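Number of protein chains: 2
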Amino acid sequence: APAAIPANDRELVLDRRLAAPRAAVWRCWTEPELLKQWFAPLPWTTADAELDVRAGGTSRVVMRSPDGDEFPNRGLYLEVVPGERLVFTDAFVAAWQPSDKPFMVVELTMADEDGGTRYTARARHWSVADRETHEQMGFHDGWGQCASQLETLAQSL
Amino acid sequence: APAAIPANDRELVLDRRLAAPRAAVWRCWTEPELLKQWFAPLPWTTADAELDVRAGGTSRVVMRSPDGDEFPNRGLYLEVVPGERLVFTDAFVAAWQPSDKPFMVVELTMADEDGGTRYTARARHWSVADRETHEQMGFHDGWGQCASQLETLAQSL
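Chain order of the listed sequences is A and B. The numbering used here puts the first sequence at residues 1 to 157. The numbering used here puts the second sequence at residues 158 to 314.
Incorrect hints may have been included.
Unchecked claim - Examples of chain A residues lying across from chain B (beta carbon under 10 Å, computed): (1) N8; (2) G56; (3) T58; (4) L78; (5) A91; (6) V105; (7) A121; (8) R122; (9) R124.
As the list claims (entries may be wrong) - Each computed SDA-like pair below joins lysine to any residue, with the alpha-carbon atoms no more than 20 Å apart: (10) B:K193 / B:Q254; (11) B:K258 / A:Q97; (12) A:K101 / B:V210; (13) A:K101 / B:S284; (14) A:K101 / B:V250; (15) B:K258 / A:F103; (16) A:K101 / B:D257; (17) A:K101 / A:C146; (18) A:K101 / B:Q254; (19) A:K101 / B:S256; (20) B:K258 / A:D100; (21) B:K258 / A:D90; (22) A:K36 / A:A147; (23) B:K258 / A:A129; (24) A:K36 / A:S156; (25) A:K36 / A:C146; (26) B:K258 / A:W96; (27) B:K258 / A:T152; (28) A:K101 / A:G83; (29) A:K101 / B:E289; (30) A:K101 / A:A47; (31) A:K36 / A:A47; (32) A:K36 / A:L12; (33) A:K101 / B:Q302; (34) A:K36 / A:L51; (35) A:K36 / A:Q149; (36) A:K36 / A:F71; (37) A:K101 / B:V263; (38) A:K101 / B:V285; (39) B:K193 / B:Q302; (40) A:K101 / B:T290.
Treat the hints as calculated values from the structure; they're not laboratory data. Note that the coordinates shown come from a computational prediction; the quantities given were computed from them, not determined experimentally. Note that beta-carbon positions come from the ideal geometry of N, C-alpha and C, so glycine has one too.
Okay, chain A solo, but in the shape it has when bound (with noise of 0.2 Å):
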């Protein structure tokens, strides 16, 4: 498949293939001690995650930086499709209460590819604004260092 691209200058793509079952993958998103095990990019760390994966359920994940800060992020699913579709966003701390900030909805989808799993997270942004400074806060550095990390971890499960 043709790599995915941005639908408009508000969003941000990570697409790849991803050397491990589709299964795993969905697990690495959903299970909190499997979370735990990728989904800061090192030397980063997350010190904790609670999820309650359903629509309208939250998720808290706590990062930790290399000098020990934590920074908790909230979040609330809006559609989960086992094995296949993960949509989240910071905009509501609970079903329904406006966060602070509605800063991104990021849309996950996974597919069998070649014995692997086609593997795409939209982020897609209220504001070009916000697009841009999560372009330079290192999405794409980011995201793509955690993905080799989900991936490492998907394999060995």
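For chain A, the structure is supplied; the task is to place chain B on it using the hints.
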């Protein structure tokens, strides 16, 4: 029951007992030909309504001013519990495409009360400024007038 009040300074609430059956109130919100008869505060009218009433489905409602100008409003349903709860927002124009301006999420609940319906609408905003703007646009008068129009129609069904 005591009247519902805003949970915080980003929320506006309309809370009424309607002298109409809950099933009829639900129909007025979810059937386009009914919604068109009450949704705009007269002398405004509703020129068109397309409602895909399911989680992730979209709505398009066109309001018409007394001068004949038309104003389309697009929204997306986040949660649909038939006869009980309807949640929608303008933060998405489709599943899951961010809109240009996430302004509010509305949570409507309906419950049986004394042979009629306890009807509660909570409009939650992403900022205090947006809540103030909505209040100054006439939220209470507008939603109140529409609730009366809705009640009259629901009684006739």
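Is the Cα-Cα distance between B:K258 and A:W96 20 Å or less?
holds (17 Å)
For the hint on A:R124, does the least C-beta distance to chain B fall short of 10 Å?
holds (5 Å)
A:K36 and A:C146 were given as a pair; does the straight-line alpha-carbon distance stay at or below 20 Å?
holds (11 Å)
Hinted pair A:K36 and A:L51, Cα distance within 20 Å:
holds (11 Å)
Have a go at the A:A121 hint: is there a Cβ in chain B nearer than 10 Å to its own Cβ?
violated (13 Å)
Hint consistency between A:K101 and B:V285 [alpha-carbon to alpha-carbon, up to 20 Å]:
holds (12 Å)
Within 20 Å, alpha carbon to alpha carbon, are B:K258 and A:D90?
This hinted pair holds, its Cα atoms lying about 15 Å apart.
Are the Cα atoms of A:K101 and B:V250 separated by 20 Å or less?
Within the cut-off at roughly 18 Å; holds.
Agreement of A:K101 and B:D257 with the hint, judged by alpha carbon distance not exceeding 20 Å
Distance ~14 Å between A:K101 and B:D257 Cα, so the pair holds.
Pairwise hint evaluation, A:Q149 against A:K36, where the allowed Cα distance is 20 Å at most:
The given pair, whose Cα atoms are some 11 Å apart, holds under the 20 Å limit.
Given the proposed pairing of A:K101 with B:T290, does the C-alpha separation stay at or below 20 Å?
Holds, at roughly 18 Å.
Closer than 10 Å between Cβ atoms is the bar; does A:A91 clear it against chain B? Give me holds or violated.
At about 6 Å, which falls below the 10 Å cut-off, the nearest Cβ of chain B leaves the hint on A:A91 intact, so it holds.
The structure is inconsistent with the numbered hints 3, 7, 10, 12, 17, 27, 28, 30, 32, 33, although it conforms to all the rest.
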